[in-house]
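Q: If you want the building blocks of each chain, they are given just below.
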Amino acid sequence: MLQSLAGSSCVRLVEQHRSAWCFALLVLGYLLYLVFGAVVFSSVELPYEDLLRQELGKLKQRFLEEHACLSEQQLEQFLMRVLEASNYGVSVLSNASGNWNWDFTSSLFFASTVLSTTGYGHTVPLSDGGKAFCIIFSVIGIPFTLLFLTAVVQRIILYITRRPVLYFHVRWGFSKQVVAIIHAMVLGFITVSCFFLIPAAIFSVLEDDWNFLESFYFCFISLSTIGLGDYVPGEGYNQKFRELYKIGITCYLLMGLIAMLVVLETFCELRELKKFRKLFYVKKDKEEDQVHIMEHDQLSFSSISDQAASMKDDQKANEPFVNSQSSTSNDSSLNN
Amino acid sequence: KAMCSGRLQTALLVAGYFVYLLVGAAVFQALERTAEKQEKMAAAQMKEAFLQNFTQLTVAEMEQFMKNLIKAIQNGVYPVGNESQFEESNWDFSNSFFFAGTVVSTIGYGTLHPKTAGGQIFCVFFALFGIPLNIVFLHRVGKMLSLLCKKLGKFLYEKGMRKKKIKFLTLLFFLATGILVFLCLPSVFFQITEGWSYSEGIYFAFITLSTIGFGDYVVGKQSDRKYFSYYRVLVAIWILFGLAWIALLFNL
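Just so you know, the protein sequences line up as chains A and B, in that order.
Just so we're aligned, residue 272 is where the first sequence starts under our numbering, counting upward by one.
Just so we're aligned, residue 427 is where the second sequence starts under our numbering, counting upward by one.
Looking at chain A on its own, in the form it has when it is part of the complex:
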């Protein structure tokens, strides 16, 4: 009897601390992932950088030799000024003077990249007033964007995911899980081709020196809101219809972001993924009423899908739509 008691308490100990073990694994895994990334990036990019540095050193040497009247110090001063201006997006080359960074359509593009937190950095506010306004604009605008995206995505999900899944489940008689999985895969495939492959092909045609891989890379880096800024469309030297092009790109990025969120939400609603995620989250304590409005990062919809899940479990799944305000009041009433 003692043995069985000791055995069960051991199991209980492991079970109680299961969440702690999972968290420790998560932290370790995260750090290892970063280290792994660093090693791979370093080994892939270092040789190329080495080559570029040598090439540049030789170029500078040759230039100074060919023009002996130029002292190195004067050249350095000139270069620093040119590069400073270049950092701000102002090119001193003669054939690039046509492109303005702050005309209306470029400013619109800039505003949309700020609010989506992409932030390419190819144009940055130069003046102090611009920087201050940028902060104020974002403090109001980013929550606004989250609200906007949440509302739009919830309504789209209803028409694109819930109704079709229900329809196929009822009409064809497959189990809901099977239909959901197939639907998620089909949706993912369609989204990837419509928002990655086709735009990548279009960009590789419209932009002079982008091949298909670079265009695809641009689409991915933009739609994930990383926004490195190494590739920015519409900045080429004699870009035709630049204004229209910039507006088109703004619309594409916005729609692409919405599409990504729809796909993410669809995948998150799959039961298998929900179970996996719950491993890492802390159990909800119901003692204090927490009013979850929305999760910060646009790519994380745990609060919305959890609300949706709790509503599904407690009520019928045929809710017309899930308004974020009504669901929070429901959530707090469930907690009470």
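Be careful, since some hints might not be right.
[Said to hold, decoys possible] Cut-off 20 angstroms, straight-line C-alpha distance, at most; resulting in silico cross-link-like pairs (PhoX-like, lysine-lysine):
1. A:Lys331 x B:Lys497
2. B:Lys576 x B:Lys593
3. A:Lys545 x B:Lys497
4. B:Lys493 x A:Lys331
5. B:Lys590 x B:Lys576
6. B:Lys590 x B:Lys497
7. B:Lys463 x A:Lys549
8. B:Lys589 x B:Lys576
9. B:Lys493 x B:Lys541
10. B:Lys497 x A:Lys329
11. B:Lys497 x B:Lys466
12. B:Lys569 x B:Lys541
13. B:Lys585 x B:Lys569
14. B:Lys493 x A:Lys329
[Stated by the list, open to error] Label-pair distances were calculated between CB atoms; the ranges are:
15. B:Gly646 x A:Gln348: 23 to 29 angstroms
16. B:Phe551 x A:Ser342: 25 to 31 angstroms
17. A:Leu296 x B:Tyr653: 31 to 37 angstroms
18. A:His338 x B:Cys610: 45 to 51 angstroms
Bear in mind the hints are in silico, worked out from the structure with no lab data behind them.
Glycine is no exception: its CB is placed at the ideal position from the N, C-alpha and C atoms.
Use these hints to put chain B onto chain A, whose structure you have.
A: Then chain B, alone, in the frame of chain A:
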């Protein structure tokens, strides 16, 4: 009836969002256009003066040289300075680690970016798995931070305060300490280590923690400054906790 008001709400929200973008664009344009004009004029004047000083240089040669230089800059190689600075690489381990962190947190400064095709493909897959991992990780760290607030709430509850007041106070406390610890104090720190003004420090802190990450201000990138060895690690820890704080702020 509920459906009607819901549709109206959505329509208003969508319209309001686009109006907000348009207004922002107009204000940015108004604020920045003159500064950009001045910058262009100054750059052109400097180029003129330089060419006048050195008449052996033809304009074409100059343009070609500058084009090559600018391309090098965009690839992250800074050609100003003496030979010893050529020894430090942009892709040594600590810089690559910092880059991996900016990709996974979606900040994406862009001062460093992969140039080779292999690097770009790897970057796509790395981010594909890394971003969800980062979200889950930040969520957990944020919950740890919120435990502090809960303790404060419990303490006040035992003192007999009403629940609503506790909630308001804990939110205020969370907001105030967060702004102090994650925005104000680091800006003072950056004044010392980077030589930025206080407002530039706040601007950098905000742009980083909101994950916008323009890359016009980046820590540890000034070639004429000496940084102590664990500077970047300290900054990374600040970014991590700051992001978790912001994520939690939207949850309170």
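Q: Each of the hints needs a verdict: does it hold here or not?
A: These are the hints, each one checked on the structure:
For the suggested pair Lys331 of chain A and Lys497 of chain B, the alpha carbons sit about 14 angstroms apart, so the restraint of at most 20 angstroms is met. The suggested pairing of Lys576 of chain B with Lys593 of chain B holds, with an alpha-carbon distance near 10 angstroms, which does not exceed 20 angstroms. Pair hint Lys545 of chain A plus Lys497 of chain B does not hold up; C-alpha atoms about 46 angstroms apart against a cutoff of 20 angstroms. A C-alpha spacing of about 12 angstroms is found between Lys493 of chain B and Lys331 of chain A, which places the hinted pair at or below 20 angstroms, so the restraint holds.
A C-alpha spacing of about 14 angstroms is found between Lys590 of chain B and Lys576 of chain B, which places the hinted pair at or below 20 angstroms, so the restraint holds. For the given pair, Lys590 of chain B sits about 58 angstroms from Lys497 of chain B by alpha-carbon distance, which is inconsistent with the 20 angstroms threshold. Only pairs whose Cα atoms come within 20 angstroms are accepted, and Lys463 of chain B paired with Lys549 of chain A is rejected, the gap being roughly 54 angstroms. Our distance criterion of 20 angstroms between C-alpha atoms is met by Lys589 of chain B and Lys576 of chain B, whose separation comes to about 12 angstroms.
Restraint check for Lys493 of chain B and Lys541 of chain B: satisfied, since their Cα atoms lie roughly 18 angstroms apart, inside the 20 angstroms limit. The straight-line distance between the Cα atoms of Lys497 of chain B and Lys329 of chain A is roughly 15 angstroms, inside the 20 angstroms bound, and the hint therefore holds. With a CA separation close to 19 angstroms, the supplied pair Lys497 of chain B and Lys466 of chain B stays within the 20 angstroms bound. Distance check on the hinted pair: Lys569 of chain B and Lys541 of chain B sit about 38 angstroms apart at the alpha-carbon level, beyond 20 angstroms; violated.
Restraint check: the Cα-Cα separation between Lys585 of chain B and Lys569 of chain B comes to about 24 angstroms, which exceeds 20 angstroms; the hinted pair is violated. Restraint check for Lys493 of chain B and Lys329 of chain A: satisfied, since their Cα atoms lie roughly 15 angstroms apart, inside the 20 angstroms limit. For the hinted restraint 23 to 29 angstroms between Gly646 of chain B and Gln348 of chain A, the CB-CB distance of approximately 24 angstroms keeps it satisfied. The supplied range of 25 to 31 angstroms is broken by Phe551 of chain B and Ser342 of chain A, whose beta-carbon atoms lie about 48 angstroms from each other.
Remark: the range hint 31 to 37 angstroms for Leu296 of chain A to Tyr653 of chain B is upheld by a beta-carbon distance near 33 angstroms. Checked against the hint of 45 to 51 angstroms, the pair His338 of chain A and Cys610 of chain B passes, with Cβ atoms roughly 50 angstroms apart.
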